[in-house]
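**Q** One-letter residues, chain by chain:
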Amino acid sequence: MATLDHYLILSAILFCIGIFGLLTRRNAIGVLMSIELMFNSANINFIAFSKFITPEALTGQIFAVFVITVAAAEAAVGLAIVVLMYRNFDIVNVDNINFMKW
Amino acid sequence: MIEYSYIIAFLPLLSYLLIVFFFSKNNKVAHTVSITAILASFVLSVIVFFEVLANHGPHIFEYEWISMPGFELPLSLYIDPLAAVMLLVVTIVSSCVHIYSVGYMHGDPRYPRFFSFLSLFSFSMLGLVISGTFFGTFIFWELVGLTSYLLIGFWFEKKVAADAGKKAFVTTKIGDLGFLAGLLILSAAAGTFNYSEVYHLIENNQIPVIFITAAGILMFCGAIGKSAQFPLHVWLPDAMEGPTPVSALIHAATMVAAGVYLTARIMSIIVVSHSAAITIAYIGGITALLAASIGLVQNDIKRVLAYSTVSQLGYMILALGCGGYTAGTFHLMTHAFFKALLFLGAGSVIHAVHTNDIQFMGGLSKKMPITSKTFFIASLSIAGIFPLSGFWSKDEIFATILHEGHWFLLVLAVLVAGMTAFYMFRLCFLTFTGKPRDEHAYEHAHESPNTMTYPLIFLAILAVCAGWVGIPWLHHGYASFVYFHHPHHPEPNFALMIIGTIVALAGIYLAYLMYYKRAIDPVKMAERFKPVYTFLFNKWYFDELYMGTVIRFTYWFMEVLFRFDQVVIDGFVNFCGKFGLFNSRIWMTFDVYVVDGAVNGAGYITRWFAGGLRRIQSGAVQNYAFVIFLGVVLLILFRMM
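If you read the protein sequences in the order shown, they are chains B and Z. If you read the first sequence in my numbering, its first letter stands for residue 40, the second for the next number, and so on. If you read the second sequence in my numbering, its first letter stands for residue 45, the second for the next number, and so on.
In case anyone wonders, no lab produced these hints; they're calculated from the structure. You may find that some hints are simply not true.
[Unchecked claim] To give a feel for the contact side, a few chain Z residues facing chain B, derived at Cβ under 10 Å:
#, residue
1, Gly663
2, Ala664
3, Gln666
4, Asn667
5, Ala669
6, Phe673
This one's a predicted model, so the numbers in the text were calculated from it and none came from an experiment. Here a beta-carbon is modelled for each residue, glycine too, at the ideal position from N, C-alpha and C.
When you get a sec, could you build the whole thing from the sequences and use the hints?
**A** Below is the structure:
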């Protein structure tokens, strides 16, 4: 029987993968996908806590829906940035875009 | 009209300004403006004269000028018979000189400037005449000095002319200093500058006599300078370097007349202070003799005339010193006409032969009939031959001296009259009669143009007739118009008239023998009296005396001051400079090492830190994200422990 711990461990693993991808992917698309992973791990946490701690209220689920919405908006903005980046620099590698210094 | 008589003075000023600002390039317009202004002044003067004739005045009009609490310095007009006569004389002579200058200055490169200066000169003198306060008189007095400087040095390319202007200015300035001191003493004692108030106070014995004497003598110093009296007479002969019309103006109507006019204006003082009167009379007498004796032997036509002016001015001053207000001013008037005529005649001669030296003239009467005739008339007048104007005024002066009982001065004055007659006719005979001594100059000689001869003729008429207003038998003559306190009716003194005439005729006859008939050889005479001749020829060595004393002292004093400047003042200044330099070196070191060190050090330290820190900011987003993540992890770990 799957308990809260299982969900939390799954979520933590997903989050770690997301963080890892965020910090190591060179491709901006990959970075965005990693961020989606982190959002989803957060969503799993919401749902898991909702199900095991307050099963009568649906707050966790509603929050998850909001997060998905925000994630969609974030993805749109992120992709727009990536498109502009490509147009301006002909490349979408984040480690090449390091002008914001000194 | 009389309350507007300041217009008489301001018309020439207007002309001066117009010429300077608008017509300084246009000869014709310049002389037209200038002559129009002075002729208009003349017409107004005539009107004023007749008004004063009807009502003697004095007419006083006051104008507010400087007004402060507790201090009032008004300017005023003071038109009395003397001022009215002077206005007339000045404008007549000045008009003649203006018209004459059209011919004389023809072709001069600074022609408009000459006319502007003439206008300014006339303005100064007319202002002096109508001024009703000592202070106003002083202002115009200085203006007269300035303009005479400008005109004497008009041909300033010639060093002698520039020097002569400077000499005139500086010499008269010595006298002016006395005038200033005198008028300050008088106004301090009287508390006012106004003529009328000062006269009133003096006549009511409200000013201590000691102040009056001091003020009188000091103010007379001004007259000594301006009227070229001994011992400040040295500038006038040198002033001959100016253009001849200017000499005529200076000698007849303006500059030198100013001194006599001032002396007449301080008559109240002279009357009260016996010592001042005696001083003035003797200075006049000495000057008359001194100048006449020098005039005997000079060879420059203008210089002879210059010395004759000095001598005649001596007469006027002598008369005024003896209390002869009427006699002195009467001679001033008659002298103005015949002396202007003499100078303009001399100018005409110089214009024709281009030399001033009478030794290179001779026989010019054939070539220049008008000039020679008018010159002879003027000479007869100045010599005092009946019935020309000089006779009447000179006789009036003798009568005044006799009346005062100064026998010594009377003998001296009569002697001077003889000398005057002699040197004037020496001049006439040498210039106009005999054989030409310089054929070349004679060939080129010609009568002057009409603009020059008409003024000569006009002045010749005045030189004959102007004295008739003062004939002693005349009941409403000059003496009942220009008088001090009470009109005095001079009684004709036949003895004096006869003595004067005889002396004058003797002088003329001697000149006739020596220079016309050649019965007495002038050269032999000069040989026989060589020491006297040399002494006179060198003008009593006054220039040398002043050169040796006053000027040498000034130079010596200058040298001392120069040394003082060099050693003490320069030394102090240099020491200050050196000290400042030394001081600044110390502070420079401090600045360089301490202040600059601190500032630069702050900069270095900041850069050193920044150099390390800037490496952290890589610009790569993932680095930042990693750091954030690390921070979060650390926080969590920290919380857990």
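**Q** Mind checking the CB of Gln666/Z against every CB in chain B and telling me if the closest is under 10 Å?
**A** holds, 6 Å
**Q** Is the interface hint for Asn667/Z satisfied, with its Cβ closer than 10 Å to some Cβ of chain B?
**A** Nearest chain B Cβ about 9 Å off; hint holds.
**Q** Taking 10 Å as the limit, does the beta-carbon of Ala669/Z come near enough to a beta-carbon in chain B?
**A** Check passed: Cβ of Ala669/Z comes within 6 Å of chain B, closer than 10 Å.
**Q** With a cut-off of 10 Å, does the beta carbon of Phe673/Z approach a beta carbon of chain B closely enough for the hint to hold?
**A** holds, 6 Å
**Q** Would you settle whether the hint for Ala664/Z is holds or violated, based on the nearest Cβ-Cβ distance to chain B being less than 10 Å?
**A** Nearest chain B Cβ about 4 Å off; hint holds.
**Q** Restraint: Gly663/Z near chain B, CB-CB cut 10 Å. Satisfied or not?
**A** Given a least distance of 3 Å, the restraint on Gly663/Z holds.
In summary, this structure violates none of the numbered hints.
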